Amino acid sequence: MYLTREEERIYNGEHGWAKQVCMKILVKLGELFGASRLIPVESAHVSGVSYKTLGDAPTDFLEALANTGGKAAVEATLNPQSLDPQHLAERLPENLVKNQLKLCEIFKKMGFETSYTCTPYYIKTPAKGAHLAWAESSAVVYANSVLGAWTNREGGPSALAAAIIGKTPDCGIHRAENRKPKILVEVKAPLEKETDYGALGIYLGKVLEDKIPFITGLGKPTPESLKQLGAALASAGMVNMFHHDGAAAKTIEKPLEKITVEPKNLQETVEELTTTSTKKPDLVFVGCPHCSLSEIREIAEKIGDKKVMEGVEFWVCTSRHIKEKAKNYVQRIEASGAKIITDTCAVVTWTDRLGVKTIITNSAKTAHYAPTLNKAEVKLASLEECLKTALKE
Amino acid sequence: MASPVILHGRGIVEGKCVAEALVSTKPISFLGDVDPATGKIIERRHSLYGKCVKDKVLCFPHGHGSTVGSYVLYSLAKNGLAPKAIINRRADPVIVVGAVIANIPMIDQVDVNQIRTGDLVEVDAHKGTVKVLKSTAEELAKCT
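Chains H and L, in that order, give the protein sequences.
With the working numbering applied, the first sequence covers 170 to 562.
With the working numbering applied, the second sequence covers 3 to 146.
Note that these hints are calculated values from the structure, not bench results.
Misleading hints may appear alongside valid ones.
[Unchecked claim] Below, computed lysine-lysine pairings styled on DSBU-like, alpha-carbon distance capped at 30 angstroms:
no.	chain 1	residue 1	chain 2	residue 2
1	H	K267	L	K28
2	H	K240	L	K28
3	H	K271	L	K80
4	H	K380	L	K28
5	H	K297	H	K448
6	L	K80	H	K277
7	H	K271	L	K56
[Claimed, not checked] Simulated coverage check for chain H against chain L, where a stretch passes if three residues somewhere in it have a Cβ under 8 angstroms from a Cβ of chain L:
no.	segment
8	347-359
9	409-419
10	475-484
Remember, predicted model here, so these are calculated numbers, not experimental data.
Every residue gets a Cβ at the ideal spot worked out from N, C-alpha and C, and that includes glycine.
Generate coordinates for the entire structure from the input sequences, incorporating the hints supplied.
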């Protein structure tokens with residue numbers, strides 16, 4: 170790999186250990202994947218912030234970085250952590266809260282934005298064609314497929330290194346030739362609710378392997394529906410982007426392999442994702458990925474004056490940023506007894522320690538993960554049905 | 003004694019060492035399979051269950067699982083429990099990043115089936131070579 174003189178100096182340790190080790194991570198990964206050089210990134214988004222998924226191992230490394238001058242060189246946002254300071258900290262064991270806060274302090278010291286969201290694009294939308302180094306697979310698919318930005322699916326450590334150096338290797342889908350569709354997907358199933366898009370994502374994630382699809386038959390999806398599709402696609406498979414508009418059709422050079430998605434494929438996917446038929450779950454959860462402003466507005470309007478049933482928790486997860494922007498809606502939602510949860514979500518907090526054994530959600534990604542990551546039974550249902558389940562008539 | 007077997011691969015993280023090999027036919031996920039506080043393999047279904055990676059030349063096909071595994075390698079090194087070197091058939095990002103941040107010499111593109119647990123091996127990650135200095139197979143042959 171070609172390195173500039175300055176990059177070489179960093180590699181050789183002339184700017185301290187933190188930058189050196191980050192540069193080495195980028196160069197070694199770049200060499201592994203055939204990069205020719207490093208390119209600047211507009212922003213980095215770092216996963217691996219939740220103490221629930223990290224445990225103790227990373228604290229040592231992150232502390233060492235912070236103590237040797239590790240600082241974010243570009244705009245760098247953080248993925249959700251494992252608790253909401255307002256609603257959940259008091260209900261969780263003290264040592265877990267302490268360890269989580271310690272991790273948050275280390276990131277803060279290194280100049281990372283305390284965004285704690287999986288939807289950093291609602292804080293600042295990257296420019297079309299901008300190169301990014303984002304972890305968090307749902308945001309990666311959204312950035313590549315909906316926003317037209319360019320990012321590989323980084324891991325926690327490589328996104329961290331990219332944030333501190335401000336660059337990433339020019340491999341993978343940072344190269345135009347690697348972004349072309351490799352397979353045509355014709356959706357013959359009707360897509361009406363957000364859960365239809367989620368189920369489609371899970372189904373495609375399992376059958377596409379690593380082939381970038383060009384998808385037809387999506388109708389006129391909202392960005393939020395595409396968010397559900399992308400989040401599910403990434404959680405069930407290896408694909409980091411999809412094409413769905415006419416512009417991409419022009420890049421198709423030769424006849425491609427083609428598959429169709431029939432209604433029964435989606436019905437079976439929903440059935441596979443649903444492990445309980447309960448009418449009264451412990452938790453009703455929407456906001457995976459974190460809600461947009463328009464989703465918060467929609468929920469507030471649909472709740473109206475209704476109240477949440479006793480014995481049911483209703484969480485609406487979003488970022489601090491959106492919560493602040495949606496103040497009026499937030500008041501209306503919380504007046505019902507629902508909670509606006511920020512900084513975390515059901516998947517990355519300890520729902521089992523809060524006594525949650527059954528979850529109903531409109532997120533196919535959550536439905537995919539909850540049985541293992543939350544040790545909970547789960548049901549995939551549309552927002553309409555989630556609201557019906559949570560609210561008194 | 004036959005001349006030592008020399009295996010050629012690709013050096014990923016620089017460094018040299020001579021140590022005993024610990025060989026796994028299965029991939030290793032450092033998050034979940036290895037305890038960063040003891041260096042032992044704690045995954046019951048793993049072929050190396052109960053073995054300690056400390057000071058070994060750890061040979062396995064490739065890594066898998068969460069990228070948090072890279073940080074486990076760093077913690078092992080900080081606790082003095084890291085392997086002396088890592089030999090893989092195919093390098094993957096989790097192990098490469100782990101070896102970089104923990105500063106563990108690493109070579110890939112090596113047929114790890116040619117090495118046996120207990121073999122004394124010399125690793126030179128500058129040249130990308132693994133030399134089997136003393137093979138357990140030969141020792142066994144001598145005894146019979």
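### Coverage of the segment 347-359 of chain H by chain L (three or more Cβ within 8 angstroms)
violated (count 0)
### Query
Quick one, are K297(H) and K448(H) close enough, alpha carbons at most 30 angstroms?
Between K297(H) and K448(H) the Cα gap is close to 44 angstroms, so the pair fails against 30 angstroms, i.e. violated.
### Message
Given the hinted pair K271(H) and K56(L), is their Cα-Cα distance within 30 angstroms?
### Response
29 angstroms, holds
### Message
For the segment 409-419 of chain H, count the residues whose Cβ lies under 8 angstroms from any Cβ of chain L; is that count three or more?
### Response
With 0 residues closer than 8 angstroms to chain L, the segment 409-419 of chain H misses the three-residue bar; violated.
### Message
Can you confirm whether the C-alpha distance between K267(H) and K28(L) stays at or below 30 angstroms?
### Response
Violated, at roughly 36 angstroms.
### Query
Within 30 angstroms, alpha carbon to alpha carbon, are K271(H) and K80(L)?
19 angstroms, holds
### Message
Please verify the coverage claim for the segment 475-484 of chain H: does it have three or more residues whose C-beta sits within 8 angstroms of some C-beta in chain L?
### Response
violated (count 0)
### Task
Assess, step by step, whether the Cα of K380(H) is no farther than 30 angstroms from the Cα of K28(L), and give holds or violated.
27 angstroms, holds
### Message
Does K277(H) sit within 30 angstroms of K80(L), going by the straight-line distance between their CA atoms?
### Response
23 angstroms, holds
### Query
Keeping to a limit of 30 angstroms between CA atoms, is the pair of K240(H) and K28(L) held or broken?
38 angstroms, violated
Going down the numbered hints, you'll see the structure goes against 1, 2, 5, 8, 9, 10, while the others check out.
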